[in-house]
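K.L.:
Take each chain as given, in its own frame, and dock them per the hints.
Quick mapping for you: the protein sequence lines, in order, are chains R and E.
In case it helps, the numbering used here puts the first sequence at residues 1 to 197.
In case it helps, the numbering used here puts the second sequence at residues 198 to 387.
Derived from the structure by calculation, the hints contain no laboratory data.
A hint or two may mislead.
Said to hold, decoys possible - Simulated crosslink set (DSBU-like; lysine-lysine; CA at most 30 angstroms straight-line):
| # | chain 1 | residue 1 | chain 2 | residue 2 |
| --- | --- | --- | --- | --- |
| 1 | R | K126 | R | K172 |
| 2 | E | K380 | R | K89 |
| 3 | R | K128 | R | K172 |
| 4 | R | K128 | R | K89 |
| 5 | E | K383 | R | K126 |
| 6 | E | K380 | R | K126 |
| 7 | E | K380 | E | K353 |
| 8 | E | K353 | E | K383 |
To be verified - For the chain E half of the interface with chain R, some residues (derived, Cβ under 7 angstroms), not all of them:
| # | residue |
| --- | --- |
| 9 | A257 |
| 10 | R258 |
| 11 | R290 |
| 12 | G310 |
| 13 | D314 |
| 14 | R361 |
| 15 | D364 |
Since this is a predicted model, take the numbers as computed values, not measurements.
Backbone N, C-alpha and C define an ideal beta-carbon position, used for all residues, glycine too.
For reference, the chains in residue letters:
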Amino acid sequence: MKISRTYLDWLPWALATVCVAGSVHIVSVLLMPELAPRNAYARLAAAAQSAETTPNGVALLPRAAPGAEVMPFEDSAFVEGVCLFDLSKGMMRVRADADPEELIALSFHARTGRVFHSATDRSAIKGKIDVLVGDARQIEAVEGEDEEAPPSQVHVTAPSMRGFVLMRSLAKRASDRDRAEQRLRAVSCETVAEPES
Amino acid sequence: MINYVRAFAVMIAGLLLGFAITAVSLGLGRGFGAVHVGPWTAWPRHGGSDIDPYARAVLARSGEAPLGHGQGLAFFADTDSNGAPLDGRCDYRLSDSTPTARFWTLGATSAAGRLIDNPAGRHAFTSSEILRREGGAFAIEIGPQARPGNWLPVAKEPFTLVLRLYDTPLDIESAPDPATFPKIVKLHCA
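Okay, chain E solo, but in the shape it has when bound (with noise of 0.2 angstroms):
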């Protein structure tokens, strides 16, 4: 009697870690193969035929539905260039460069992926649209108050920045070079 007590502990004792191990590691991460550029993450993988299992629960379970490889990359940030965690109480500079592409766009979401609420409307600058001083070289202002030149407003809570390469050569077999993705740079906190 005691052994079917215990047998039955041991399934739903099995049962509870097991939900609470896919839990954790669904929260933890966004599957295998992230490529790190400086404070950009991207994960190739989630474009194509070899997903991993961890990276497509990840992604079924947020409704995401991600770049393709046939189409360009996403890199994600949610620290800045000296990897303190992006907060929207802080006002922040984005500045050159960026890596050859055919388009890129640059959008600021909340931490779950969602659109910021604004008064401009303004939730990404595409690579068309951006205003650039003489020579090419350009910067974005990211920031909760109205600011002169690229304003990105954010909300006062931890947001993400995503950078989207458009039909870019950018090999990500060999690492690619921080210096060719934008810097962000923490400007000062209210």
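Just chain R, same shape as in the assembly (with noise of 0.2 angstroms):
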């Protein structure tokens, strides 16, 4: 009997126990994006920085070589280049030909990491890329007055204000990188401003 009532003594405080263990963890997990140090978007927003901008506004990252990489995991086989946005400065439009021959790969990050956009030229329309980012509000004033969209022209509603847009070009051989980075040269990210209403 002495047993079981020391053992009931100390259930509830073991049940709040796991109780709090159980939403520190939750909550640690859900926030890990948003406090995680060393992120996809902190990396690529660092390396900007010191990477060469292109006259077309894309930061193209240096060449990954061993202990010093971008990103972990990264396809050594491509050239890269990123174009970080802050949709309240205004929307992001990237432009880019396509080439059959050729792999372009487009892929929209939001600043937590969520893949919200991605394509490669394939899904490119007469030969063309044209990606016009907004938040909800803005694509919505975009589509509101169509007259002036190209119609080749794909619309984008990103989740967060702040992320960025990953640029891979494929190198097919070591040799192919000075292209593969010209492709990249020809890409452009512009910020536009949404249309008055």
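P.N.:
Here it is in structure tokens:
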């Protein structure tokens, strides 16, 4: 009897501990993308600052070398560029030319890491990739007055105000890296003002 | 008074336990929805809006930018086809075939995803540059010592192979056939 009394005495405290531990676990997992100091956005923002930016607004990432990778598990066969966006300063328009022989892949990431849009040159319309990124209100404003928007333009709603567009251009052979970089230099990122309503 | 001390102890213990569970669970895997094909594993949900909170936390902590749905799929292997962990002190041969894709690349990284320093400066092969036998078949020789043919160098430590399929029509919903994926065979160990 005495044992079960002691047991009952401790039970609520043990349950409370489990509840606190569970809440801490859930909150810490959910907050990790916001708080992780070295997530992809932070790494790319730091790399973009020291990297060469093309006249078209794309920051060319340095070639990954052992011990000097921007991000882990990146495909080293690609030449990469990045455009950071902040939708509070306007929408982001990304344009690229598609060449059926060459692979160029774009992925659109929210600051906390979610991929909200991705495409390769396969999905280009009439040989052009043209993506307009905005928040829900901006995209609505653009689609409300779609006279000016080119019909081949893809409109994408971003889940967060800040994020990045990662561009990967495949160098099919090691000797192709220069040409892959040239294709990346032809990609343009520009901030466009939303239409006045 | 004793109850205040107990409540304080519960808070501290809960906090420590909660962080410990988070650290362990994020270290164990890369989230839900993994697709296993022989030694290869892919996490297709990483590349879309339906990524789960654990996967987001794992990727945010490591700093990876996964391939998007519209680009392709990345398959990771840290064991050979017999299930033994990949070890850089051994030689491996990776051979046909590969699933249909517009391009594929096969790279080796350290277990943490870093490039492996080597004198050849070689970290990956692409489907365009690989040397093929007559008929299109190929083999990639993986090991720390230089070998003729397609040699993918690794260091004398555990490593991970990553097979990336770009613009692949591969249907992840119906379990892919392991026979269409490359086999990783251990040859001998130093």
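K.L.:
Hints first: check each against the structure and report whether it holds.
P.N.:
Going down the list of hints, with the structure as the test:
no.	hint	verdict
1	K126/R / K172/R	24 angstroms, holds
2	K380/E / K89/R	50 angstroms, violated
3	K128/R / K172/R	21 angstroms, holds
4	K128/R / K89/R	25 angstroms, holds
5	K383/E / K126/R	47 angstroms, violated
6	K380/E / K126/R	39 angstroms, violated
7	K380/E / K353/E	21 angstroms, holds
8	K353/E / K383/E	14 angstroms, holds
9	A257	4 angstroms, holds
10	R258	5 angstroms, holds
11	R290	21 angstroms, violated
12	G310	3 angstroms, holds
13	D314	4 angstroms, holds
14	R361	6 angstroms, holds
15	D364	5 angstroms, holds
Violated hints for the displayed structure, listed by number in ascending order: 2, 5, 6 and 11.
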